[in-house]
Amino acid sequence: MTYEGLSGGEVEFTGFNGDDVNAYQARPAIDGKVPGVVVIHHAPGWDEWCAEVTRKFAHHGYAAIAPNLYSRDGPGAPDDVAARVRAAGGAPDNQVVGDVAGAMEWLRGQSNASGKVGVIGFCSGGRQTYLVACLVKGLDAAVDCWGGNVVVDDPSLLTERRPIAPVDYTNQLTCPVLGLFGNDDTNPNPDHVNRLEEVLKDHGKTYEFHRYDGAGHAFMSWYRRHYRVDQAIDAWDKVLDFYGRNLKTA
Amino acid sequence: MCTYINEKASITGSAKGPDGWMNVDTANVYFDHPYHAQLDHALGIDFVDEAAGSPKRVAVEISAESARHLVAKILAALESGEAAHATETESVDQYS
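In order, the protein sequence lines correspond to chains A and B.
Residue numbering for the first sequence is 1 to 250, as defined by my numbering.
Residue numbering for the second sequence is 1001 to 1096, as defined by my numbering.
These are computed hints drawn from the structure, not numbers from a lab.
Honestly, I wouldn't trust all of these hints.
Below, a list of computed lysine to aspartate or glutamate pairs in the DMTMM-like style, where the Cα atoms sit at most 20 Å apart [stated by the list, open to error]: (1) A/K33 to A/D140; (2) B/K1008 to A/D47; (3) B/K1056 to A/D47; (4) B/K1008 to A/D80.
Build the full structure now, drawing on both the sequences and the hints.
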């Protein structure tokens, strides 16, 4: 079921360290209770794609919020802000975890919240999705879209801002995970995906991984040359099916 | 995925963007997914003025092959240009 009537716009919520964090939110214009989704943007920033994804979830019956994880580094065009964050070494993991937890609480605090909340992220946001699925208690479902460096081969990639590979938190994972990956991706490459799956299996976690031939990194990004329409359509179907089973049921 | 790997070079000079000229003291250099260039990965350079704390930057995103070609051309231009100017200085010295 889809909802043509939507409401949306910018809001503020309390994030990591009590900071005010701005976010884009969209929800279906209906009276009933709806589940929520936190949308984690990719490394290039809190941009138009991120807002489109947020509205897509609203169209499919979710109250969605996309926190601006670079809110402390703005203002400015998303790419300029992202450049500043890159130069500073990226958004710190503990800050991201606090901000996503705050966004989740904001969703639960809305009068039409059903109480169930999922999270989805793309690129670096896919990595952050896995991280918060392990570290933020109360999430009901997580969708990791091609998150790289969940499994870390090169120790130099572990920094003060990202000190621990998310895979090493797997024992703390408390919600089902859907993973979507392109087999032509180099980070995560198929070996990273296989090794992550082994760890999930070893810990007895609930997960679903889908690997797409003929697709690389960010294959759902319609505005990039590496967009793959057939794989993207199937992947969106899988996301909505996964959320339907985990967020829309009692 | 985007790595946040960044090589920082201290530089001296100016760069021109849409708002005109600005001083630059740092070049942030990285090879990652680009924002605008239709490439899987690109060599990006952000010229910024860190000392001034300015939010402005002059940015480029180019292919790896282009970047290597550019490096070679920069070195070639420096070599021939410095040689030419050295000769020029010698010529000036002759008349001083």
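Here is how each hint holds up against the structure:
no. : hint             : verdict
1   : A/K33 to A/D140  : 16 Å, holds
2   : B/K1008 to A/D47 : 25 Å, violated
3   : B/K1056 to A/D47 : 18 Å, holds
4   : B/K1008 to A/D80 : 17 Å, holds
Checked against the numbered hints above, the structure breaks only hint 2 and satisfies the rest.
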